[in-house]
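Following the hints, complete the assembly by docking chain A onto the known chain R.
Line order of the protein sequences matches chains R and A. The numbers in numbering that gives the first Met the number 0 rise by one with no breaks, and the one at position 147 of the first sequence is 146. The numbers in numbering that gives the first Met the number 0 rise by one with no breaks, and the one at position 115 of the second sequence is 114.
Simulated from the structure, these hints should not be mistaken for laboratory data. Just so you know, nobody snuck in bad clues.
Some chain R residues well away from chain A (every beta-carbon gap over 10 angstroms; in silico):
| # | residue |
| --- | --- |
| 1 | Pro46 |
| 2 | Glu54 |
| 3 | Arg139 |
Below, in silico cross-link-like pairs of lysine to any residue (SDA-like), each with a Cα-Cα straight-line distance of 20 angstroms or less:
| # | chain 1 | residue 1 | chain 2 | residue 2 |
| --- | --- | --- | --- | --- |
| 4 | R | Lys279 | A | Lys135 |
| 5 | R | Lys279 | A | Ser114 |
| 6 | R | Lys279 | A | Leu109 |
| 7 | R | Lys279 | A | Ser94 |
| 8 | R | Lys176 | R | Ser115 |
| 9 | R | Lys4 | A | Ser114 |
| 10 | R | Lys168 | R | Ala179 |
| 11 | R | Lys4 | A | Arg118 |
| 12 | R | Lys4 | A | Ser112 |
| 13 | A | Lys48 | R | Gly223 |
| 14 | R | Lys51 | R | Val34 |
Which chain A residues stay away from chain R? Per the calculated CB distances, all over 12 angstroms, these:
| # | residue |
| --- | --- |
| 15 | Gly65 |
| 16 | His132 |
| 17 | Glu235 |
| 18 | Thr245 |
Computed from a predicted model, the values in this text were never measured in an experiment. Cβ atoms here follow ideal geometry from the backbone N, Cα and C, with glycine treated the same way.
Chain residues, written in single-letter form:
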Amino acid sequence: MSLSKKKLLILMISPICFFLISLFLGRYAIPPLTVIQVLIAKIIPTPHTWPKTVEAIIINVRIPRALLAMVIGAGLSVSGASFQGIFSNPLVSPDILGVSAAAGFGAALAILFSQSGLVTQMSAFGFGILGVTITYLISRVYRTTPTLMLVLAGVIIAALFGALTSATKYLADPDAKLPAITFWLMGSLASSSWKDVLRACPPIGAGMAGLLMLRWRINLLSMGDEEARSLGVRTEALKGSIIICCTLVTAAAVCVSGVIGWIGLIVPHIARMLVGPNHKVLLPASMAAGACYLLLIDDIARTATATEIPLGIITAVVGAPFFAYLLRKTKGGWK
Amino acid sequence: MMPPLLRLQDGSFCYRDKDIFSGLNLTMNRGEVLCVLGGNGCGKTTLLKCLNGSLRLRMGHVYLKGKYIHSMSSVEIARRMGFVFQEHSPPFPFSVIEVVQMGRAPHLHLFASPSHRDRAIAEKVLEMVGMLHLRKKPYTQISGGERQLVLIARTLAQEPEVILLDEPTSHLDFKNQTLVLRMVNKLAQNGLGVLMTSHLPDHALLFSSRVALMKNGRFLSVGRPEEVMTEESLKETYGIQVNLATVIDPGNGKALKLVIPAREPVEVPEAH
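So that you can see chain R by itself, here it is in the shape it has in the complex (with noise of 0.2 angstroms):
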């Protein structure tokens, strides 16, 4: 087996890895031998010599957290190393459309009038896709999408949405719904339950399947538009199909979890540098790495300190300094 075969592998069997240890952790102190127990007792009937908070905890807290952080830090590295390809430019974001920006004011205005989780899931989901449409149509000109014109385009939309956020915190009631609303904004998964996880997996699913189909065209759009076309691809239906997974994605990864930054930014640069800039393997590859740097990030926000701390901050707190430390290794050429 070649030596890029078994880092492969490797990525691919380590989530399972961080997935079953970040079972072990969590506040309120399980033995592990209590924790196999009850995975065991899951599937072959035993005897429950455990109280029924620590099956619960373990059934219905850390397992769907522990899923959610993987499907979402998978979705937004997924997205993060596509939008990267299609626009050629390694700093870009899976949010670099508006679909973060415009998610929040979606959530923000849901929690301003309403006190439904599922209504605010929607509204940000609903705002998320919005905010790229307008994008892509601010952004289309002579029938085509210049990737100059779409990054300008995301750039005018973020900014609106995060004034209308603004706005809507503004003119929340300060004891109640705006620390709601900045918690929301900060990104966590301390609420994550099986409804989460059954309402993000089909469109971050679907999403992802569409770009893993499509990963290899990835290649030849990063090469730009005009030599894409001369290699027979529509760059057009190509590009827009991908901005369709990548916001899809990212929309309902944001619904559920809150903004979550820097994940789609950096994962795919660690992906890069363990198995090189093809599509075709870093696609997979950044969906391994994302999904376990989540969970690392989330086993870190619900250990750490006594209270949550959120997940947001800790990507930038981690985030920047290696995203520096890149910055500087590669002397801005990313080469």
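Coordinates of chain A only, in the frame set by chain R:
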């Protein structure tokens, strides 16, 4: 009779209200190297983009093997015609073999990636351009001349019948210019039709079988280099006085023309 490989009939193009070129006629056959000569900004690159169907002519038609080009899909065109762009700097350090395999795209299903067979084809064309030893090197770390040959290999991987090259020798040093142009000649000998642009008249005299002199969006003349390229026509093309020298090529003993630009300015009436 077989239709010509590539034919441009009365082609005109303009951006908004700015005319780029008009009234151009051109045919190209197998085994030919056709060189479009002209100064910067005379419309050469736009012409190539119209010929491969990525831009639409304002008037006139392009036929590829007798077939109207806009009746063909982009995949159909890419299977018959390759395009080597002017040098660019790619964002990701793909390996040379990965870049060449991209040329297999028009033969692959939308969701597919290159198979072992595609890899074998990529290696074969890399060997043909003499770059097989670089196959695992990052494409970003090879020299400009090597990169140009790798891009030619990528278009060969498309298995085309026509190759268009836009200024294939710009930014290259003397040796690499020669290597690239030799390769261009070899492709024509193998039965491809090659159309390239250049602003160096010697390239046309040394390496092409036909030449089109282009000025301000019009062809001044099209034909065999030794017939078409005279001191007058070159003066008109470039707007400077040039002298043609005939020398004996020590390589094969044949007479050869070379262009020598006048080293002092000579008043030339602007041609229209």
